[in-house]
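A.B. asks: Letter by letter, the chains look like this.
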Amino acid sequence: MPKMSMRDAIREALHEEMARDETIFVLGEDVIAHGGPYAVTRGIAEKYPGRIRQTPISEAAIVGTALGAALCGMRPVAEIMYVDFITCAMDEVVNQMAKVRYMFGGQTDVPVVLRLPSGSARLIAAQHSQCLEAWFMHVPGLQVAVPSTPYDAKGLMKSALRGKDPVIFIEYKRLYTAEGEVPEGDYTIPFGQADVKRVGNDVTIVATGPMVGKALEAAEILAPEGIEVEVIDPRTLVPLDKRTIFASVEKTNRVIITDEEVKRSGASAELASVIAEECFDALDAPVKRVAAADVPMPFSPELEKLVVPKAEQLVAAVRDLLG
Amino acid sequence: MPVAAPSAEKLMDMYTRMWRIRLFEEQAEYQSSQGKVLGALHTYIGEEGVGVGVCAHLNDTDYITSTHRGHGHCIAKGADIKRMMAELFGRATGYCKGKGGSMHIADFAVGMLGANGIVAGGFGLATGAALAAQMRGSGQVAVCFFGDGAANRGPFHENINVGAVWKLPVVYVCENNQYAQWTPQKDVTLVTDISSMSPAYGIPGVQVDGMDVLAVYEAAGEAIERARRGEGPTLLECKTYRFHGHNFGDPQLYRTREEIAAWAEENDPIKRLGTYMKRAGILSDERDKAVQQQVAEAIQEAVRFAEESPYPAPDELYKDIYSYTIV
Numbered sequence: 031m032p033k034m035s036m037r038d039a040i041r042e043a044l045h046e047e048m049a050r051d052e053t054i055f056v057l058g059e060d061v062i063a064h065g066g067p068y069a070v071t072r073g074i075a076e077k078y079p080g081r082i083r084q085t086p087i088s089e090a091a092i093v094g095t096a097l098g099a100a101l102c103g104m105r106p107v108a109e110i111m112y113v114d115f116i117t118c119a120m121d122e123v124v125n126q127m128a129k130v131r132y133m134f135g136g137q138t139d140v141p142v143v144l145r146l147p148s149g150s151a152r153l154i155a156a157q158h159s160q161c162l163e164a165w166f167m168h169v170p171g172l173q174v175a176v177p178s179t180p181y182d183a184k185g186l187m188k189s190a191l192r193g194k195d196p197v198i199f200i201e202y203k204r205l206y207t208a209e210g211e212v213p214e215g216d217y218t219i220p221f222g223q224a225d226v227k228r229v230g231n232d233v234t235i236v237a238t239g240p241m242v243g244k245a246l247e248a249a250e251i252l253a254p255e256g257i258e259v260e261v262i263d264p265r266t267l268v269p270l271d272k273r274t275i276f277a278s279v280e281k282t283n284r285v286i287i288t289d290e291e292v293k294r295s296g297a298s299a300e301l302a303s304v305i306a307e308e309c310f311d312a313l314d315a316p317v318k319r320v321a322a323a324d325v326p327m328p329f330s331p332e333l334e335k336l337v338v339p340k341a342e343q344l345v346a347a348v349r350d351l352l353g
Numbered sequence: 029m030p031v032a033a034p035s036a037e038k039l040m041d042m043y044t045r046m047w048r049i050r051l052f053e054e055q056a057e058y059q060s061s062q063g064k065v066l067g068a069l070h071t072y073i074g075e076e077g078v079g080v081g082v083c084a085h086l087n088d089t090d091y092i093t094s095t096h097r098g099h100g101h102c103i104a105k106g107a108d109i110k111r112m113m114a115e116l117f118g119r120a121t122g123y124c125k126g127k128g129g130s131m132h133i134a135d136f137a138v139g140m141l142g143a144n145g146i147v148a149g150g151f152g153l154a155t156g157a158a159l160a161a162q163m164r165g166s167g168q169v170a171v172c173f174f175g176d177g178a179a180n181r182g183p184f185h186e187n188i189n190v191g192a193v194w195k196l197p198v199v200y201v202c203e204n205n206q207y208a209q210w211t212p213q214k215d216v217t218l219v220t221d222i223s224s225m226s227p228a229y230g231i232p233g234v235q236v237d238g239m240d241v242l243a244v245y246e247a248a249g250e251a252i253e254r255a256r257r258g259e260g261p262t263l264l265e266c267k268t269y270r271f272h273g274h275n276f277g278d279p280q281l282y283r284t285r286e287e288i289a290a291w292a293e294e295n296d297p298i299k300r301l302g303t304y305m306k307r308a309g310i311l312s313d314e315r316d317k318a319v320q321q322q323v324a325e326a327i328q329e330a331v332r333f334a335e336e337s338p339y340p341a342p343d344e345l346y347k348d349i350y351s352y353t354i355v
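Protein chains in written order, with our numbering: chain A, 31 to 353; chain B, 29 to 355.
Certain hints may be false.
[Unchecked claim] Under the rule of at most 27 Å between Cα atoms (straight-line distance), these lysine-lysine pairs were calculated in the DSS-like manner: (1) A:K227 - A:K272; (2) A:K194 - B:K347; (3) A:K188 - B:K347; (4) A:K318 - A:K340; (5) A:K33 - A:K188; (6) B:K195 - A:K77; (7) B:K299 - B:K317; (8) A:K272 - B:K195; (9) B:K306 - B:K110.
[Said to hold, decoys possible] Part of the chain A face toward chain B, derived, beta carbon under 8 Å: (10) P86; (11) V93; (12) A96; (13) Q126; (14) F134.
If you are wondering where the hints come from, they were derived from the structure by calculation, not from laboratory data.
Remember, predicted model here, so these are calculated numbers, not experimental data.
The beta carbon of each residue, even a glycine, is placed where N, CA and C say it ideally should be.
Let's have the full structure, built from the sequences with the hints guiding it.
C.D. replies: Okay, here's the thing in C-alpha cells:
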C-alpha cells in the first residue's frame, strides 16, 4: 500500500473529489501561490482553473461567501490559514453557517468545508498555535472532524465533500508531514465512526490529533510491563461515536482522555463528562484528562515544550490509574 | 444604459406589492399587540419603495439577502403571506416551521435567502450567492439589502471589496433610514452618504430618493443589468425613513413626532406612486380601492391561516440541525 503524508492525502482527496463533482471549489488566502501555505492546494489552479480563488485577508468574507455559495448550489472548501484567525469570522461560523438550516426550517443544505490548520508548530506562539475544537463542538449545527492519520484525513475529507452539513476540518500542522498508508482508489470514512487504533484490555486512552500518536507511543512503552492500552480515536468530535468509546470503557474500566487543546473546557472535558455520566458503573477509577497547559502558547522553546502534552505524561497517567 | 420605464402592468404590480407590505406590517403590529405575533417585530412601514423598486427587476432565480427588517423584502420578492404570518405566529406551517420567526423568515424557492438577526449578516451570503452565479455562468444576480448601521461593520468592507475585485454579479443596496436602532447615523458616522464610499472599492455609487419607487426602480434596474452583464457590483443608496419605531414597542425618544410626521404625512412612497399613477391615467379611484380591499382580504386570510395552524410538535426541536438526526 502506498505511503504518503497527511498533506498529500488531503490534497489527493481534494483533487479526486473535484474531478468527481464540478460544484466543488476552493478559496482562501495564498491558496494558489506555491500551492498554498501548507501545499495542500497545490496543483488545483493548474488542473481546475476557475475553481480556486485566492482571497484578500478577509476572513469574514472568506467564510461568508463560502456559506453564500453553499446555499446556492456550490460546495466550497474554504481555508482559514490558522484556526486562530477564525475569530475574525466567528459570526459567519456561529450565527450564520451553523444556524441557517435550523432557522430557516430546513429549506437549505449547507455543504461548506472549513479547513482550519491547528496546533503548535515552529515557535509561532500565542496567536498561531491554538486548538479550538471545543468552540465548534459547542455550537449545534457544526460537525467537527479531527484526522490523526493520512488514511483518516483522506477518507474524512471525501465524506466532508459529499455531505450536506458544515464541516469544521481540523488539520494539525505538525501532522502534515506525518506519513501513513493510504490505499489506492476511492474510499470514505463516515462521520460518527471512531477508530480503534490499538486494542488493549487494561486502560483506554481516547485521543485526537497528534495525541493519537503519543498514545500509541505510551502504549509501546507500557506493553513490556504487561499493561495493554487500548487507543480510541473518535476521528469526528461531532457527531461523536459514543458506542465505540463506551464499549472500550466497559472493557477496560479505566479511561484517559487526551488532546492538544488547553485542558480547561477542551473537547476532553466534554468526553470526560459524557463518559462519567453514561459509563459510571463501568469505571474503577475517576476519568483522567491529559491536555495542554492552560496558558497562551509562549514563544521561547524552553517554555513551549512545557505546554503540549507528551507521551511520558500519558504513561504516568496510566500508571496512576492502575496503581 | 437607461432602463425602460415600467409598464402600466408593472406599475400596478409594484403598487399592489407596496400595499401588501404596508397592510401586512400593520396587521403584524396589531397581532403583536394581541399576543399572537410573538417576539421581536421590525416593520418596513415607509420603506416599501426600496424593496419593491429593486425586486421588480429580479426573477425567482435571483437571490436577495435581507436584514432584521425583512418582511418587506420577503413580500417584494414574492413570498406567500400566509406562510409568513404563520411563521410570525410561531406555527408549524410557517416558512421556517416556526423555528425562525420574524428575524429569520426565508423563502429559498423565490431566492429570498433569509432575514438576518445579525446586522451586516447578509453581506457574505449575497456575495457568495453572486460567486456561485459567476462560477456557473448562470446570469443570476444577488442583491444585498442593508441599513446605514450595517455600513459600520467589517463585513460591509470585506465583502464589497471581494465583490468588486472579482466583479461579482451583486448589487449592494443601502436602505439608509438614518437611524441604527436608536442612534442617528450622523452621531456615529462622519460620512452619511454611504454611496460616496464607493470609490474606495472602485465601483459606481448611486444615491436615490428611496421614497420615490420609480427612482429606485430606475437606479436598481441599471445596477442589476450591470451586474448581469458581468460588470460587477454597484453601491446603491436609497435614502428612506421608517415611519414606525425600530421595533414594535419602541418608545422612540430619540426622534421627534414632528420629524416622523414630516415623513409619514408628506413623503409616503405609496401615496407618491398612487398619485403618479392616477395622474398618468393608470389608476382610477375605484381600482385603487379595489386593490387595497383585495390586499386587506388576503391579509385576513393569512391571519386565519396562521390562527388555525398548529404549533410545531416537540419532536421538531431536534430536526433540521443537521441533514440527519444526531444521536
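A.B. asks: Holds or violated: the hint that A:P86 contacts chain B, with Cβ atoms closer than 8 Å.
C.D. replies: holds (6 Å)
A.B. asks: Verify the interface restraint on A:A96: the C-beta must sit less than 8 Å from at least one C-beta of chain B.
C.D. replies: holds (6 Å)
A.B. asks: So if I understand the rule, the pair passes when the alpha-carbon distance is 27 Å or less; does B:K195 with A:K77 pass?
C.D. replies: Given pair B:K195, A:K77 holds - Cα atoms ~23 Å apart, limit 27 Å.
A.B. asks: Please verify whether A:K227 and A:K272 have alpha carbons no more than 27 Å apart.
C.D. replies: Given that 27 Å is the threshold and the Cα spacing comes to 16 Å, the pair holds.
A.B. asks: Measuring from the C-beta of A:F134 to each C-beta in chain B, is the shortest one below 8 Å?
C.D. replies: holds (4 Å)
A.B. asks: Quick check on A:Q126 please, does its C-beta sit within 8 Å of some C-beta on chain B?
C.D. replies: This interface hint holds because 6 Å falls under the 8 Å limit.
A.B. asks: Is A:K188 within 27 Å of B:K347, Cα to Cα?
C.D. replies: holds (25 Å)
A.B. asks: Hint check: A:K194 vs B:K347, CA-CA at most 27 Å. Holds or violated?
C.D. replies: holds (14 Å)
A.B. asks: Would the hint linking A:K318 and A:K340 be met if the CA-CA limit is 27 Å?
C.D. replies: holds (15 Å)
A.B. asks: Between A:K33 and A:K188, does the CA-CA distance stay at or below 27 Å?
C.D. replies: holds (18 Å)
A.B. asks: Are the Cα atoms of B:K306 and B:K110 separated by 27 Å or less?
C.D. replies: violated (30 Å)
A.B. asks: Given the hint that B:K299 pairs with B:K317, test it: the Cα-Cα distance must not exceed 27 Å.
C.D. replies: holds (13 Å)
The structure fails hints 8, 9 (numbered hints given earlier, in ascending order).
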